[in-house]
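Please construct the entire structure, taking both the sequences and the accompanying hints into account.
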Amino acid sequence: MDHAAVSPSRSHSSHDRRAHWLIALGALGVAGVLAYGAASIPSDAGYAGVGPNFLPWVVATVLAVCGVWLLWEAATGGFRQLEEPSGAERGDWPAFAWVSAGVLANATLITTAGFVLSCALCFALAVRGLRLSEGKPAGGVRQTVMDAITGMLISAPVYWLFTKLLAINLPGLTGTGWI
Amino acid sequence: MLETWTHLMGGFATAISPVNLLWAFVGCAVGTAIGVLPGLGPAVTVAMLLPITSQVEPTASMIFFAGIYYGAMYGGSTTSILLNTPGETGTMVTALEGFKMARSGRAGAALATAAIGSFVAGTIATVLVTLFAPIVAEHAVKLGPPEYFLLMVLAFLTVSAVLGKSTLRGLTALFLGLGAGLIGMDQISGQVRYTAGIPEFMDGIEVVLIAVGLFAVGEVIYNAMYEGRSVTEMNRLNKVHMTGSEWRRSWPAWLRGTALGFPFGTIPAGGSEIPTFLSYATEKKLSKHKNEFGTVGAIEGVAGPEAANNSAVTATLVPLLTLGIPTSVTAAILLSALQNYGIQAGPQLFETSSTMVWALIASLYIGNVMLLILNLPLVGLWVKLLKIPRPQLYAGILIFATVGVYGMRQSSFDLFVMYGIGLLGVLMRRYDFPVAPVIVGMILGPLAEAQLRNAMSIGEGKWGVFVERPASLFLLVVVALVLLLPRLARLWQRRNAAGGAPV
Chain A
7 MDHAAVSPSR
17 SHSSHDRRAH
27 WLIALGALGV
37 AGVLAYGAAS
47 IPSDAGYAGV
57 GPNFLPWVVA
67 TVLAVCGVWL
77 LWEAATGGFR
87 QLEEPSGAER
97 GDWPAFAWVS
107 AGVLANATLI
117 TTAGFVLSCA
127 LCFALAVRGL
137 RLSEGKPAGG
147 VRQTVMDAIT
157 GMLISAPVYW
167 LFTKLLAINL
177 PGLTGTGWI
Chain B
1079 MLETWTHLMG
1089 GFATAISPVN
1099 LLWAFVGCAV
1109 GTAIGVLPGL
1119 GPAVTVAMLL
1129 PITSQVEPTA
1139 SMIFFAGIYY
1149 GAMYGGSTTS
1159 ILLNTPGETG
1169 TMVTALEGFK
1179 MARSGRAGAA
1189 LATAAIGSFV
1199 AGTIATVLVT
1209 LFAPIVAEHA
1219 VKLGPPEYFL
1229 LMVLAFLTVS
1239 AVLGKSTLRG
1249 LTALFLGLGA
1259 GLIGMDQISG
1269 QVRYTAGIPE
1279 FMDGIEVVLI
1289 AVGLFAVGEV
1299 IYNAMYEGRS
1309 VTEMNRLNKV
1319 HMTGSEWRRS
1329 WPAWLRGTAL
1339 GFPFGTIPAG
1349 GSEIPTFLSY
1359 ATEKKLSKHK
1369 NEFGTVGAIE
1379 GVAGPEAANN
1389 SAVTATLVPL
1399 LTLGIPTSVT
1409 AAILLSALQN
1419 YGIQAGPQLF
1429 ETSSTMVWAL
1439 IASLYIGNVM
1449 LLILNLPLVG
1459 LWVKLLKIPR
1469 PQLYAGILIF
1479 ATVGVYGMRQ
1489 SSFDLFVMYG
1499 IGLLGVLMRR
1509 YDFPVAPVIV
1519 GMILGPLAEA
1529 QLRNAMSIGE
1539 GKWGVFVERP
1549 ASLFLLVVVA
1559 LVLLLPRLAR
1569 LWQRRNAAGG
1579 APV
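Quick mapping for you: the protein sequence lines, in order, are chains A and B.
Letter by letter, the first sequence follows residues 7 to 185 in my numbering.
Letter by letter, the second sequence follows residues 1079 to 1581 in my numbering.
None of these hints come from the bench; they were simulated from the model.
There could be a bad hint or two in this list.
[As the list claims (entries may be wrong)] The calculated lysine-lysine pairs, modelled on DSS-like cross-linking and capped at a C-alpha distance of 27 Å, are:
hint, chain 1, residue 1, chain 2, residue 2
1, B, 1465, B, 1317
2, B, 1317, B, 1362
3, B, 1317, B, 1368
4, A, 142, B, 1465
5, B, 1366, B, 1317
6, A, 142, B, 1462
[To be verified] To be clear about the criterion: a stretch of chain B counts as covered by chain A if any three or more of its residues have a C-beta under 8 Å from a C-beta of chain A, and this derived list gives those stretches:
hint, stretch
7, 1121-1135
8, 1466-1474
9, 1483-1491
Bear in mind the structure is a predicted one, so any value in this text is a computation, not a measurement.
Note that CB positions come from ideal geometry on N, CA and C, so glycine has one too.
See below:
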């Protein structure tokens, strides 16, 4: 808490430092977008002196300052007082790809395949990724079928609970309301 | 006083209707479950369930959500004691001594003191809420827009600048949230901002989307990428029972923890982390069994923080209900649930929605009893949840995330956005950006802006309005102190260290 404030935090790998740069640039980018948007908001303040474009400008400015500050930290040894992140040092990209595929497939298919099937697919794909991340085999055909069934055993009751009992709209494959 | 009593009895009459009792019970059960399970917290669970606000009446859903909120605190301690990963951030301190106790064969005693301590603290805190909330509401009516604006600024500062390690990263997160809150129609003049011509953005970005993306999807992806090889070990559960000496050591700690937790819950200090740490330090200092701390595990170190945690959580209801100011992420999401109903949280709430408020308070008394039963005799049932294999657990979270996000607006576009926000969540967690300020900024930002512009209208366009009113001047000083004190203390410490150290 005390000394870390003055000295740059522990040595980061070059990989990390690059990420620091990118994050700082990202913050600046968001600030830029917000400023661009703020410019087109009318300043019609009335007698309050503070109009609808006031807060947008404040947010854009402060974010820009934060971005510059982050950039400066990235350039001079990396972010300060960084808590060592939990878990492995390097990301498990195959696992990431499987989980991402699950979420994105779900987003693409949910309106056509219906909630139950689409979520079961998402579950099956994500489980593969999470299993890989543990260093276990992702599973063969048999296991995948089992995963898909498990996914349906979770998603179907959830679907019935929310659509039948709570009357919340979720898409179905058929009009029967059961799947 | 008598009036409070009458209101409370009325609240009980509403809360014990079979439907409301059922909601309270389901809320407590769901809360305990997600508290026990790693990966999901009360904030994101309530967020996922926000779609029900379109169907369920406000009293029932607030009882339900509140049950989830404090149920998670009961459940979280079970995980902290049995597993070397805490279930919730509020129960992190419980893990320090609780896990050690469990390892030396006293898991049952640790679980008992946690559950009974939570009950004692939760009940005392509920009594305090019952007594003080109406009084605070009565006085809060006198506050005007300048004071509200400064209170919100205070909430922003404590959640972003004071709590985290890095003020810079906290502020970045806060302003990201404030930026997200700007999207949509502005509350005062109806000006449309940052919609990029997309009609869905007119009503703003749904809180569910951001909360579920950051907390749930982000958590799942982070786990897949980084935590696959992290090993968790589990302690054996034994008979949940406390000996006479354990009772004697526990109860003073419960009371001290309750007393520490309550005030922290009512101020915007970001929830229950600070009071639990303070309680731990206090117990360690006062204990006659200092040698047990950090070795075999001291029961005071579980009893105090657990009580502080539950007391703080219950106390967050005071500022939430009387001022409309959330002091934790879950409270912020409860506020947005109220907004979904078009209910303005604030001092008027005790008049306009008196039935709901008192039913909610009454349900806290009932819920604490339910949770004691759920968590003491039935603890073995919840421990079984910890046997769910990690891949299935986290993949299952994605299904619930889909329900919350899709159920809110029936838009598959939102699911893509949710994924993007999930990636942002992974980055933030990896590079130590706090997530809470994003949510609080997003929910409280538009309200703060409205208060600011109203305040400026009162001051006829002059910023002097903030120093001319005594109450607002006082708050301004508090804001300045909150900003400056930690820095001055650090400076002073450093100078002392530099002066005292031999050259």
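Right, here's what the structure says about each hint:
no.: 1; hint: B:1465 with B:1317; verdict: 19 Å, holds
no.: 2; hint: B:1317 with B:1362; verdict: 26 Å, holds
no.: 3; hint: B:1317 with B:1368; verdict: 25 Å, holds
no.: 4; hint: A:142 with B:1465; verdict: 18 Å, holds
no.: 5; hint: B:1366 with B:1317; verdict: 26 Å, holds
no.: 6; hint: A:142 with B:1462; verdict: 23 Å, holds
no.: 7; hint: 1121-1135; verdict: holds (count 5)
no.: 8; hint: 1466-1474; verdict: holds (count 6)
no.: 9; hint: 1483-1491; verdict: holds (count 4)
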